[in-house]
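Letter by letter, the chains look like this.
Number of protein chains: 4
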Amino acid sequence: MASNLGTLFRISTFGESHGVGVGVVVDGCPPRIALSEADLQYELDRRRPGQSKIVTPRKEDDRAEILSGVLDGQTLGTPIGILVRNTDQRPSAYTEMQTAYRPSHADYTYDAKFGIRAVSGGGRSSARETIGRVAGGAIARKVLQSTLPNYEAVAYVKTIQGLTANVDPSTVTAEQVESNIVRTGDPAMVEPMIDLITQVRSEGNSVGGVIECVIRGVPPGLGEPVFDRLEADLGKAMLSLPATKGFEVGSGFSGTLLTGREHNDEFYMDGDRVRTRTNRSGGIQGGISNGEDIVFRVAFKPTATILIEQKTITNTHEETTLAARGRHDACVLPRAVPMVEAMVHLVLVDHWLRQKAMA
Amino acid sequence: MASNLGTLFRISTFGESHGVGVGVVVDGCPPRIALSEADLQYELDRRRPGQSKIVTPRKEDDRAEILSGVLDGQTLGTPIGILVRNTDQRPSAYTEMQTAYRPSHADYTYDAKFGIRAVSGGGRSSARETIGRVAGGAIARKVLQSTLPNYEAVAYVKTIQGLTANVDPSTVTAEQVESNIVRTGDPAMVEPMIDLITQVRSEGNSVGGVIECVIRGVPPGLGEPVFDRLEADLGKAMLSLPATKGFEVGSGFSGTLLTGREHNDEFYMDGDRVRTRTNRSGGIQGGISNGEDIVFRVAFKPTATILIEQKTITNTHEETTLAARGRHDACVLPRAVPMVEAMVHLVLVDHWLRQKAMA
Amino acid sequence: MASNLGTLFRISTFGESHGVGVGVVVDGCPPRIALSEADLQYELDRRRPGQSKIVTPRKEDDRAEILSGVLDGQTLGTPIGILVRNTDQRPSAYTEMQTAYRPSHADYTYDAKFGIRAVSGGGRSSARETIGRVAGGAIARKVLQSTLPNYEAVAYVKTIQGLTANVDPSTVTAEQVESNIVRTGDPAMVEPMIDLITQVRSEGNSVGGVIECVIRGVPPGLGEPVFDRLEADLGKAMLSLPATKGFEVGSGFSGTLLTGREHNDEFYMDGDRVRTRTNRSGGIQGGISNGEDIVFRVAFKPTATILIEQKTITNTHEETTLAARGRHDACVLPRAVPMVEAMVHLVLVDHWLRQKAMA
Amino acid sequence: MASNLGTLFRISTFGESHGVGVGVVVDGCPPRIALSEADLQYELDRRRPGQSKIVTPRKEDDRAEILSGVLDGQTLGTPIGILVRNTDQRPSAYTEMQTAYRPSHADYTYDAKFGIRAVSGGGRSSARETIGRVAGGAIARKVLQSTLPNYEAVAYVKTIQGLTANVDPSTVTAEQVESNIVRTGDPAMVEPMIDLITQVRSEGNSVGGVIECVIRGVPPGLGEPVFDRLEADLGKAMLSLPATKGFEVGSGFSGTLLTGREHNDEFYMDGDRVRTRTNRSGGIQGGISNGEDIVFRVAFKPTATILIEQKTITNTHEETTLAARGRHDACVLPRAVPMVEAMVHLVLVDHWLRQKAMA
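Chains as they are written, first to last, in the working numbering: chain U, 183 to 541; chain S, 183 to 541; chain E, 183 to 541; chain P, 183 to 541.
The reader is advised that the hints may include incorrect statements.
[What the hints assert, rightly or not] Using 27 angstroms as the maximum straight-line C-alpha spacing, the simulated BS3-like pairs for lysine-lysine come out as follows: (1) S/Lys538 - E/Lys324; (2) S/Lys324 - E/Lys324; (3) E/Lys538 - E/Lys324; (4) S/Lys538 - E/Lys538; (5) P/Lys538 - U/Lys324; (6) S/Lys324 - S/Lys538; (7) U/Lys538 - P/Lys493; (8) U/Lys493 - U/Lys324; (9) U/Lys538 - P/Lys235; (10) P/Lys324 - P/Lys538.
Source of the hints: derived by calculation from the structure; they are not laboratory data.
Let the hints inform the model, and build the full structure from the sequences given.
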């Protein structure tokens with residue numbers, strides 16, 4: 183099923199939404215990195231349901247238990263097993279979905295692929311699967327920051343449907359993003375975005391948007407042409423998150439409207455440091471980091487599970503209608519911000535270790 | 183350097199632009215697939231320089247020699263080695279680049295990563311590296327079509343800078359695309375696009391755009407959640423191509439402007455086949471193909487190498503100016519169309535074999 | 183740290199001897215395979231300490247909890263997480279080893295590699311790590327037997343130090359092996375072997391030996407030349423078990439005493455089945471199974487941890503002496519039998535799935 | 183078909199015995215390593231047919247052409263493609279084998295697996311495939327010696343059938359081994375071994391033996407428990423060579439005759455260096471190098487292809503007899519010595535790079 187990611191720093195996630203629990207095994211973490219359950223919990227709390235009025239009210243503590251690989255607050259260099267037990271399960275909310283496929287959800291394709299499916303809670307296709315990623319990402323960040331003290335990734339909500347936040351990726355801080363429940367970096371957009379999500383939710387509908395992310399403190403030289411270009415691995419990591427439909431780095435799709443002369447980033451010397459005057463490259467050239475901020479955007483579609491009645495079919499291929507019940511996110515973006523950052527850490531730490539091996 | 187791709191159907195490409203040659207080893211190709219050098223040559227000819235007046239006039243025959251893995255027109259199940267020798271090299275055109283870094287090219291980042299660089303022809307960062315991919319993709323296509331007779335991937339130029347082709351992905355044919363040198367599917371846009379490229383080129387400038395691709399005949403069930411989702415692997419494959427800045431599938435970035443009710447694809451029965459009335463999912467749900475056409479778009483930036491003078495620095499970190507010489511593409515998109523298709527074939531064949539193993 | 187094994191059927195083990203627990207994530211298990219915790223427990227009970235008078239008296243229930251990937255007794259095709267909590271820990275027995283390196287154990291090399299070490303219980307270097315393998319192997323066996331009903335692997339103790347069991351690999355049964363606590367297939371050797379182990383143990387010493395294994399019901403065609411030959415992957419799997427020093431297949435080292443004429447296995451037809459009259463090849467030719475029984479042997483050294491005083495050094499590089507305390511196996515072979523079988527299942531299921539993909 | 187090996191330093195070999203040629207792509211080689219075709223040729227000459235009167239008289243120059251990855255005598259950090267064209271092919275010698283399966287050769291199993299087979303020259307199952315390994319190994323050695331100046335691997339013929347060389351692994355030199363065509367380290371055994379091979383060959387028969395290898399200059403800390411133990415990866419590498427039947431490290435199978443007290447290697451301080459007084463561990467403890475010489479042995483069976491008539495079957499499953507013709511090695515061991523060393527270099531360089539990443 184390919185729940186593995188990474189060449190040297192490898193994670194293997196496991197778990198269904200309504201099973202015993204979800205978790206991850208992190209293999210290839212260097213030894214002697216300071217690590218505690220609190221490091222994991224901070225990120226898991228940013229991801230968990232019930233954290234604010236605009237996310238699903240499911241009540242999950244999402245307490246991470248470190249099963250192995252850490253002793254007296256330090257990593258051993260051995261695999262780090264992490265388990266989060268599931269607690270708040272209401273399988274009754276999934277009665278109709280036992281037979282009816284949710285439009286644009288994974289219900290039908292899981293059946294088509296596996297011939298079996300954990301209906302309750304969405305099983306493995308639930309966003310609950312990302313707990314293992316977020317826990318793994320928290321470890322990856324600790325590894326990176328142990329050597330690269332200026333390393334950080336700051337993701338934030340750039341748009342919700344038609345609402346666009348005005349954020350400068352070169353100055354936005356994690357504190358600014360974390361100061362509001364929608365996790366945007368533009369104070370003026372906090373209330374409008376909250377209002378929009380609240381409104382859409384009250385209608386039993388859903389809404390999507392774009393998350394932007396800036397990565398700072400990455401030295402030049404990370405990324406492995408040809409296939410494991412840094413933007414290719416970042417793109418894959420982001421597109422592996424549930425509900426994503428697009429990824430762009432630097433100038434992205436709008437960069438296609440410029441000519442080469444307009445698009446190219448001139449080099450100059452900033453003291454003894456090589457810099458570019460503009461950053462349409464988004465911090466990556468030829469698949470390799472150039473030392474500038476890495477900037478990218480990810481498109482998240484409106485959540486598939488809505489409470490409005492829709493036409494669909496059953497698993498025995500009869501036409502029917504379905505109005506979902508249960509407690510679902512009307513907009514995944516606020517909770518997706520830590521997921522995006524986690525995937526960044528996982529990609530970067532792997533490339534960092536690979537470069538260490540070759541340098 | 184990570185020039186490997188694939189889990190079961192694996193390619194390893196090699197070669198610098200101005201070295202002995204470029205090529206690929208394809209490992210994991212099933213036995214008894216009909217294969218000839220002509221199968222490869224057809225795709226390589228679509229990729230090669232000098233094929234039309236709007237691409238680089240470099241004269242490369244790009245003749246593929248099959249070194250192994252094929253006997254009497256059939257694959258043996260053993261690795262298929264393929265070599266294309268380089269012929270038309272003019273290292274003199276790279277004199278200035280020996281020291282000056284091209285803005286937004288890989289010159290600086292290769293030096294930062296490797297501490298050494300094959301300047302002439304761009305070395306490994308040259309688009310010439312994609313020859314191995316195109317040859318490998320041609321083999322992948324043969325494998326897929328040997329079992330899935332309706333399988334095909336049709337890529338085409340959707341936009342060049344501000345010019346947008348009007349193409350219906352559900353009906354466009356490979357013949358239509360191949361009938362014009364710009365490889366767009368909209369007859370009305372052929373001349374405007376050719377004129378634009380010609381104009382930009384005459385100015386020593388460059389231009390980018392968007393390639394759209396439709397994949398047909400893919401059965402439901404391909405794609406491996408969690409990390410190896412079909413869109414994630416397609417995204418990575420596309421973003422590993424030179425000059426790419428973005429990838430989106432189905433509704434993509436513009437899908438974020440819809441609500442869930444508007445975005446969801448209703449299921450219905452078409453005879454005994456499960457279908458969706460719309461295809462905003464782009465043929466993939468939960469990371470797994472649903473049997474509808476897979477549709478995605480890739481953004482290509484304007485080529486970095488332009489003949490206009492730009493400010494930059496040297497490899498000894500002094501500020502300078504550079505106006506490139508040599509024979510470069512002012513727009514890579516017409517030649518990128520077969521590259522996109524090749525990457526599709528490589529991703530799909532790998533997922534096809536993986537699904538065969540599990541089913 | 184590389185606690186992953188397999189291409190399609192992949193296991194990731196985790197856990198230290200005296201940490202929270204040990205376990206495994208099995209990724210790539212096909213869906214709809216019948217599986218219960220009892221399936222795992224049977225094999226874990228064969229592996230666990232305290233099972234008989236000739237193994238370590240540590241009291242571990244080794245109860246396996248399935249965390250994910252199984253619903254209503256069937257695999258889902260998603261990762262199967264398994265956890266066994268540690269219960270009987272006596273860290274006081276490891277006081278001396280906090281500083282003194284056990285000769286021929288992993289104490290020194292773990293420090294040399296990681297710069298940190300979980301002293302208590304041996305941490306990750308403990309044979310307790312094999313719990314994840316045995317659980318994963320039990321699943322692998324279920325997958326294989328669901329399609330290959332005659333598939334089985336029977337391992338047994340062939341020698342303990344100088345004592346050699348007389349066992350015919352072509353007829354020995356699992357029941358015969360399991361009928362005695364030393365797990366040999368020769369009734370005449372049961373008491374002498376038990377006596378030897380008991381004697382050696384009473385002296386605080388240890389003893390090794392050879393395990394032989396026969397694999398039946400494997401169809402021709404499994405194994406991937408060149409590097410992933412079946413004997414190469416079996417050899418790696420066995421040599422990855424603690425305390426192993428050698429591996430041989432078929433005629434092995436003694437086959438080097440024959441000429442080609444004497445060694446070659448003549449083909450003949452047994453009805454419509456291709457057979458060989460002898461089996462010096464051990465069921466594998468050119469790295470690929472030929473349909474005959476696969477037979478191999480593994481050498482296990484005498485356990486490193488003994489209670490007799492030995493000269494050694496401390497972790498601050500001072501010379502000292504050490505007499506281990508604690509409850510250790512004087513002979514690992516009876517408990518290693520299920521480990522060997524588990525590794526066989528893991529190797530075979532991976533090759534079986536790989537061959538399914540290509541056929 | 184799995185012709186890839188390695189995690190960071192990865193080789194992909196290709197080629198059939200009687201096709202265009204054989205070769206390798208080496209991916210993950212660090213940049214700025216001095217490398218020339220002469221470095222490869224030295225090792226290829228030790229491997230090639232026709233080098234002495236006791237090996238097959240096939241006349242192959244085995245000239246290596248570096249296709250990529252090297253510029254002005256230095257590696258670029260990009261994939262190194264290497265091609266050796268086949269020249270001396272006599273397909274007529276394989277007429278009978280078109281239908282008759284050679285006993286104990288790969289003829290039958292290749293047909294069983296692939297349903298197709300390159301008969302002439304043995305195709306991919308020919309020892310000619312090892313050219314890519316030997317070339318890759320020569321590069322690996324350069325990488326290792328660029329940082330570890332005392333690193334070396336010396337393999338030598340330990341036994342030919344019943345003849346045993348008396349060689350001290352701690353003092354034997356490459357010059358001593360290379361001074362005689364049988365490549366043993368015992369001057370007294372050179373003539374007896376040559377005589378035996380000559381005699382066996384004159385009878386159209388074949389003979390096997392054991393190669394021993396010592397690896398020096400390996401620092402403590404290489405090897406990745408759990409599955410990628412150093413001895414496990416060495417074992418897999420050796421057992422992936424044609425005609426191998428066994429592998430043992432340090433005390434190996436005979437170590438099972440000792441008690442723990444007799445077998446354990448006491449630690450002591452040699453100045454400021456940690457040493458062991460004996461080396462029954464063979465330089466590896468807990469899967470990790472301990473800084474002592476690594477010593478192992480590999481069993482090679484007598485070659486399957488003999489000129490004596492044997493009973494066998496045809497590919498249409500009729501019983502027949504076969505006496506091979508053609509020019510075959512009566513004993514592969516003298517030519518296998520550089521193959522063993524090459525596999526050592528490939529395993530060690532990969533573990534060296536992996537440890538660099540984690541340290």
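For the pair supplied as a hint, U/Lys493 and U/Lys324, is the alpha-carbon distance within the 27 angstroms limit?
47 angstroms, violated
Given hint S/Lys538 paired with S/Lys324 - CA-CA distance at most 27 angstroms
This hinted pair holds, its Cα atoms lying about 17 angstroms apart.
Hinted pair, alpha-carbon criterion (27 angstroms max): U/Lys538, P/Lys235. Please report holds or violated.
48 angstroms, violated
What's the verdict on P/Lys324 and P/Lys538, does the C-alpha distance respect the 27 angstroms limit or exceed it?
17 angstroms, holds
Starting from S/Lys538, check that the Cα of E/Lys538 is at most 27 angstroms away, please.
7 angstroms, holds
27 angstroms Cα cutoff - pair U/Lys538, P/Lys493
57 angstroms, violated
Within a Cα-Cα threshold of 27 angstroms, do S/Lys324 and E/Lys324 meet the stated pairing?
Measuring from Cα to Cα gives roughly 35 angstroms; hence the hint is violated.
Tell me if the straight-line CA distance from P/Lys538 to U/Lys324 falls inside 27 angstroms.
19 angstroms, holds
Holds or violated: S/Lys538 to E/Lys324, with C-alpha atoms at most 27 angstroms apart
19 angstroms, holds
Hinted pair, alpha-carbon criterion (27 angstroms max): E/Lys538, E/Lys324. Please report holds or violated.
Status holds; Cα separation ~17 angstroms.
In this structure, the earlier hints numbered 2, 7, 8, 9 are contradicted, and the remaining ones agree with it.
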